[in-house]
Every structure is written in structure tokens, then in C-alpha cells.
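J.: Here's the letter readout for the chains.
Protein chains: 2
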Amino acid sequence: MISSAAPRPPRFLRACRREPVDATPIWLMRQAGRYMPEYRALRQNYSMLDAIRTPELAAEITLQPIEAFDLDAAIIFSDILPPLIGMGLPLAFVKGVGPRIERPLRTTRDIDLLATPPAETIMPGTLEAIRLVKATLEPRGIPLIGFAGAPFTLASYAIEGGGSKTYARAKTLMYTEPAAWKRLMTRLVTVIGDFLARQAEAGADVLQVFDSWAGALGRGDYERYVRPFNRMLFDRLRRVGKPVIHFSTGTSAYLDAVAASGGDVVGVDWRLPLDEAWAKIGPDRAVMGNLDPVALLGPWRELKAHTDDVLDRAAGRPGHVFNLGHGILPETPVENVRRLVDYVHERTSVKSLSEV
Amino acid sequence: MISSAAPRPPRFLRACRREPVDATPIWLMRQAGRYMPEYRALRQNYSMLDAIRTPELAAEITLQPIEAFDLDAAIIFSDILPPLIGMGLPLAFVKGVGPRIERPLRTTRDIDLLATPPAETIMPGTLEAIRLVKATLEPRGIPLIGFAGAPFTLASYAIEGGGSKTYARAKTLMYTEPAAWKRLMTRLVTVIGDFLARQAEAGADVLQVFDSWAGALGRGDYERYVRPFNRMLFDRLRRVGKPVIHFSTGTSAYLDAVAASGGDVVGVDWRLPLDEAWAKIGPDRAVMGNLDPVALLGPWRELKAHTDDVLDRAAGRPGHVFNLGHGILPETPVENVRRLVDYVHERTSVKSLSEV
Numbered sequence: 029m030i031s032s033a034a035p036r037p038p039r040f041l042r043a044c045r046r047e048p049v050d051a052t053p054i055w056l057m058r059q060a061g062r063y064m065p066e067y068r069a070l071r072q073n074y075s076m077l078d079a080i081r082t083p084e085l086a087a088e089i090t091l092q093p094i095e096a097f098d099l100d101a102a103i104i105f106s107d108i109l110p111p112l113i114g115m116g117l118p119l120a121f122v123k124g125v126g127p128r129i130e131r132p133l134r135t136t137r138d139i140d141l142l143a144t145p146p147a148e149t150i151m152p153g154t155l156e157a158i159r160l161v162k163a164t165l166e167p168r169g170i171p172l173i174g175f176a177g178a179p180f181t182l183a184s185y186a187i188e189g190g191g192s193k194t195y196a197r198a199k200t201l202m203y204t205e206p207a208a209w210k211r212l213m214t215r216l217v218t219v220i221g222d223f224l225a226r227q228a229e230a231g232a233d234v235l236q237v238f239d240s241w242a243g244a245l246g247r248g249d250y251e252r253y254v255r256p257f258n259r260m261l262f263d264r265l266r267r268v269g270k271p272v273i274h275f276s277t278g279t280s281a282y283l284d285a286v287a288a289s290g291g292d293v294v295g296v297d298w299r300l301p302l303d304e305a306w307a308k309i310g311p312d313r314a315v316m317g318n319l320d321p322v323a324l325l326g327p328w329r330e331l332k333a334h335t336d337d338v339l340d341r342a343a344g345r346p347g348h349v350f351n352l353g354h355g356i357l358p359e360t361p362v363e364n365v366r367r368l369v370d371y372v373h374e375r376t377s378v379k380s381l382s383e384v
Numbered sequence: 029m030i031s032s033a034a035p036r037p038p039r040f041l042r043a044c045r046r047e048p049v050d051a052t053p054i055w056l057m058r059q060a061g062r063y064m065p066e067y068r069a070l071r072q073n074y075s076m077l078d079a080i081r082t083p084e085l086a087a088e089i090t091l092q093p094i095e096a097f098d099l100d101a102a103i104i105f106s107d108i109l110p111p112l113i114g115m116g117l118p119l120a121f122v123k124g125v126g127p128r129i130e131r132p133l134r135t136t137r138d139i140d141l142l143a144t145p146p147a148e149t150i151m152p153g154t155l156e157a158i159r160l161v162k163a164t165l166e167p168r169g170i171p172l173i174g175f176a177g178a179p180f181t182l183a184s185y186a187i188e189g190g191g192s193k194t195y196a197r198a199k200t201l202m203y204t205e206p207a208a209w210k211r212l213m214t215r216l217v218t219v220i221g222d223f224l225a226r227q228a229e230a231g232a233d234v235l236q237v238f239d240s241w242a243g244a245l246g247r248g249d250y251e252r253y254v255r256p257f258n259r260m261l262f263d264r265l266r267r268v269g270k271p272v273i274h275f276s277t278g279t280s281a282y283l284d285a286v287a288a289s290g291g292d293v294v295g296v297d298w299r300l301p302l303d304e305a306w307a308k309i310g311p312d313r314a315v316m317g318n319l320d321p322v323a324l325l326g327p328w329r330e331l332k333a334h335t336d337d338v339l340d341r342a343a344g345r346p347g348h349v350f351n352l353g354h355g356i357l358p359e360t361p362v363e364n365v366r367r368l369v370d371y372v373h374e375r376t377s378v379k380s381l382s383e384v
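Protein chains in written order, with the working numbering: chain A, 29 to 384; chain B, 29 to 384.
So here's chain A without its partners, still in its complex pose (with noise of 0.2 Å):
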């Protein structure tokens, strides 16, 4: 961990900026989350929402894997979902399910009647929250990372309802109603530009968009009907003046497409090896990933040799951050992330910062 006394940015800062660093930064996505026993024991008398609406129960779940295991960066503990409830779609997190939408958008006059209410009104939790943490995490020196679901996936959970195997219905839609999809996606922009930058004024130092289900969509399709709003999103995002994570997974086929729809740092899953990720993106852009969740299950002998792969393909260039390609799973040992953690620490640790 970088001491408060250093006179540099925190290495994961400077690896958004593609400067070099004294060791590879190394944060995991849904780092507080299931697989530690601090946050299962607190979930047991609060339902997710109640988590993530109480500034004072978010802030705390934030912390719990900072003060856990080394790591470079918080991320503030929410969901991508509920600045949905705000904008007219009430949701539950059902249990064994995941997440349901009570009345997905189903016509066109659905989403007109969707509405796009500030930050302030609709997710204050959250805003709260990164007010608290920041407050532990600044004389630290760890950056928190504030973020938002991107509006392809926002909008396919708004007309599925929940998890799908084939988007059929966002599609459908998407392709009956041209008109009415970018009404649809040119709201989504606006509330969650608005909830960005907000979290960006509340303190976030960083920002992550997480397009999950983009890899359902063609090529075509993509650049059809998602990029141009990415677009607009990553324009309005780039005014707040803090770096900007934009992570998808399953869009290996279009990767510069995805890159190309803006981002500081891109996210990549663990599909392609990151060396070929890198050169789709392009050398002006900082990576993030890119190792298999499900590494983190096996032995140390296959999870080293995976983290040695995406280490090697990273091959030290400034601007990689390292974490998984998706989200941490629930049955991850926690031992296993401390060995993590430490190991791409030590591997790629230069040993003077005057060498750097």
C-alpha cells in the first residue's frame, strides 16, 4: 500500500493514466460482497436494498475487504440496478433468483412514462455512503471508485425484467421500435450521467460503467443501437474530469467497438488472453482484468499459473489494472484472494520508485 506520506497519486490513479508504478494495483469485482463471512454476517438482518440504501451499512461493507486484504482501490457498495426504481420501475431482489423488475417495460408508452430524476432524489444512499467512506479511505490514500450500469443493460433489465439467456424481448423491441429504444437508452444516459458525476462531486475518484450484457448483442447490433449512447454517456462523462472504467464481458468480437465507444480504462473478461485484448483496444487506452473468477476456486498451482499468464501479457506496460473478469463468486476462498492480492504485489513489485 502506498504510504499517506508518498508524494505520488496512488498506483491505481496512476494506472488509469497509463504512468508507471511501483506494482501492478490489483482491486476484484464484487471485492465486498458473498465470499466474505464479515458481509454475510451483516446481510443476515438487511435485505440488499436496505444495504445499499443505508449510507452508514454501505460504508461499512465498502471497508470490509480494505481492511481484509491489501487491496488499491473500494469500490462503494451498490447495485446497478436500483437508480431504476427512481426512474419508475420498482424491484426486489429475490432470493436464489437475483434481481426481478415488478413490471418490466413492455410499450412504448411504458417508457415515455419513465421518468429521469437527479441523483440526489433517487440513490442519496449511495451519494452518502461515498461521503463516509471517503473520510476513512483519504488519510489512507486507497481511491474509491464510484459506478453505474451502462444503458444497454440497464435497458435490457428494464424489458426483461431480470436475467435472460437471449435478450429476445430488449432486441425485439430494439428492432420494432427504433424510435422508442433511443428514447429509452437517451434517458438511461441521462440519469446515469447525472448519478456518475454526482458520485464523482461526493467524492468517488474514479468511475466504473459496467455494460455486463453487452456481449448478447452482434457486432452490428452493437454499433447500431448501443454505441452511439455509450457515446453520449462516456462525452458527458469525460466534462467530470476523473478516469473512467468501462467494463463488458462476452464482447471479445467487438472489443474495439466497445473501446471505441470511450473509456479511460477498459475492462476486459477473460475469454481473450490480454495481450490480444490490448491490441484491439489500442496502446492509448489502460486495461483492466483479466483473469477467470473461477480461478480463485482451484489450487494455487492453477490459480498462479493463470495470474502468471495475465501477468506476462501484460508484460509491465503502464496502465494495467489488475482484477477478475467478472465478479468475484460467493464460494471463492477467502485465503485465496489474501494469496492473490499479495502475489501480483509481490510479482510485479519494483523494488525503487527511483527505477520506475
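No wet-lab data here; the hints were simulated from the structure.
Mixed in with the good hints there might be a few duds.
Which copy? The list can't say, so a pair holds if one copy fits it or any two copies do.
Quick list of in silico lysine-lysine cross-link-like pairs, BS3-like style, CA-CA up to 25 Å [said to hold, decoys possible]:
1. Lys193 / Lys162
2. Lys123 / Lys332
3. Lys332 / Lys193
4. Lys193 / Lys123
5. Lys332 / Lys162
6. Lys193 / Lys210
Please arrange chain B on chain A, whose structure you already have, making use of the hints.
T.: Same frame as chain A, now just chain B:
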């Protein structure tokens, strides 16, 4: 449709061998399925396993789409999972959930207890259905496709017990017990190879291997834990002497490695545009694909645009079999299927065979 007097083999077989055709051949994965009212009517009286195991029913279902549309190939009605039953893994098709293995593989001992019985013993109904259906198809010059699941996809099912988002159990076994993984995959190669060879003997003109879940892996794991076994399988199938289709989804990141493991025809999903996919697969193979199945739910304007994109990218090169990128969806309007099939033929039709 090719008349039975035509001196040339049917266009589907010619396309599999990258020979010029009078029009691009088309068939659709799951073309005998729930989107057809005839199929739903028949299935009201029989379970999935009954329909698969009773030769007369499987034959009737196989022919339903052949009677309804101008398709260039039939595919025997079956499923990739039933061979697992004969290996010692009973399963049930649970309505609204999908197939479930009653006692999934949990230990290396479970793997060592798996049997490798011959196809005549475990899949006699499918072999007999092939013989029955050939009597109808042969005079009409319509080729028949036999098929089986690929080793990785069947191994994952056997370990996970059903569908999975993460394939965590399957990958963990692969990482933790590589020797047991090898024994499991080798046994699957034996059973699948024998089953496909027997389907060819019974009358199947083309064989398809479905690696529907291979896209869960990264390139490194695919190359290490899957490709060697696929190579064993495709080597075995080469001796059968019939064209082999190698289908997978979500493998855009390492389609070259998929192609390198074998198959005369490589099936691709819709994520990668067909010309980009073909470039990765190589000019010495035929390709099958790659319309997004959801395009069949949209208006004709979009269905035509997506179909034109596939055909434009195939650019009339010999060796293109038109198909979807995955199975047809149950909610697909029958009329759209008819329009698609006819449009592909019309647009690609060569006026005179002598011009080919």
C-alpha cells in the same frame, strides 16, 4: 429444392465441401421444435425423452419442418444429453427449467464409474429414427444431419447437473483434478465418437458436434483442457468419411483454436460478422451461420437487413451454409421462418447451373 433427377449432390453437401452451389443452402438449428404448432401438438402427448426414444415419433418430428419449409437439410430429432443416461447419469427434462442430471458427477470416483457402452445399446431409438427418416428424405434428395454434444459441453452438464452461469464446478474439477478430467473427457470422446459413427452408418449424411458451452472458457483453458480431446474426436470422425460440422457459441475470442481442433464446416454465432469469423477460421473450411435467432422475432425490415449482412459478408464464396448462430427460439413466428428460407434461396439463386 434439388429435384431427385439432379445429377449433382444436394447443395447442402456441396457447400460442406466448398463446391459451387445453385443457391446458398439453409437449415436452422432446432428447426424441429417448439415454434411449430405441429410439434407442440405432438409433444402434448409425449415427454421429451419419449419423443426422442420412440423412432416413429422422432422421425415424424424430424420431418415436420421439411414438410413446412423449403429447407436444404433435415436434422434428426434428439438432444445432446441422452447419451449420458447410458453412461450412468439419469436425467429428466424439467418443464420450464430444462434438463437436470439427477446425480451430477461430484468425485473422481463418480467419473471412474461411468460406462462407455456402444450407441446401439444406449441410443437405439435415434439410430432407428435415422433409418426411418432416410426412407422419406432419400427420394427427395434432402440430406440428413446426425449430431452429438462435444466432450466439454457434455462434461460440463454432467458435472454442473444442468445449466450454469459460471461453470464453476466444471472448471474447478478441470483445475483441481486434471487426471480425472482427462479420464472423463476421454470416455466422452469414446461414446460420442461411436455414437456419431453409428449415426453415419444408419444413414446420416453429415455429422454435427455441438460445443454449445465452450464459450465459458478463456483461450488458454480451451487450448489446454478441451482442444486435445476435440482433436481426438474429430480425428476419429475423419475415418467415418462424412462431412463434419463443428459448432460452438461464445468462442469469438479463440475461433481459430476451435477451428484448429477440427471439422469440415465451422459453425459460428452472431457476435462476430461472418467475414471476420471466416478469416479466423481459415479459407480451407466451410462456415455455417450466423443470423441472430432474435432477428426472426423482429419486423421483416430488420430480418432482411440482418440476413443481407450475413449474405453480403459470405459474398457468394463457396462453402457457406446459412443458419442461425444458435437454436431457433420457441416464440419465432412460423411465417418469418418461411420468408427467411425463401429469401436466402431467392437472393443467392444462380439462374443456370452451367453458370456456376
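J.: At 25 Å max between alpha carbons, let me know whether lysine 193 reaches lysine 162 within a copy, between copies, both or neither.
T.: Neither. Shortest intra-copy (38 Å) and inter-copy (34 Å) distances fail the 25 Å Cα cut-off.
J.: Cα distance capped at 25 Å. Does lysine 123 pair with lysine 332 within a copy, between copies, both, or neither?
T.: For lysine 123 and lysine 332, the Cα distance exceeds 25 Å both inside one copy (33 Å) and across copies (42 Å).
J.: Measure nothing new, just compare the shortest in-copy and cross-copy C-alpha distances for lysine 332 and lysine 193 to 25 Å and report within, between, both or neither.
T.: between (32 Å within a copy, 24 Å between copies)
J.: For lysine 332 vs lysine 162, is the C-alpha pair at or below 25 Å within one copy, between two copies, both, or neither?
T.: For lysine 332 and lysine 162, neither the intra-copy (33 Å) nor the inter-copy (53 Å) Cα distance is at most 25 Å.
J.: Can you give me the call for lysine 193 and lysine 123, within, between, both or neither, at a CA distance of at most 25 Å?
T.: For lysine 193 and lysine 123, both the intra-copy (19 Å) and inter-copy (16 Å) Cα distances are at most 25 Å.
J.: Are the CA atoms of lysine 193 and lysine 210 at most 25 Å apart within a copy, between copies, both, or neither?
T.: within (23 Å within a copy, 30 Å between copies)
Checked against the numbered hints listed earlier, the structure breaks hints 1, 2 and 5; every other hint is satisfied.
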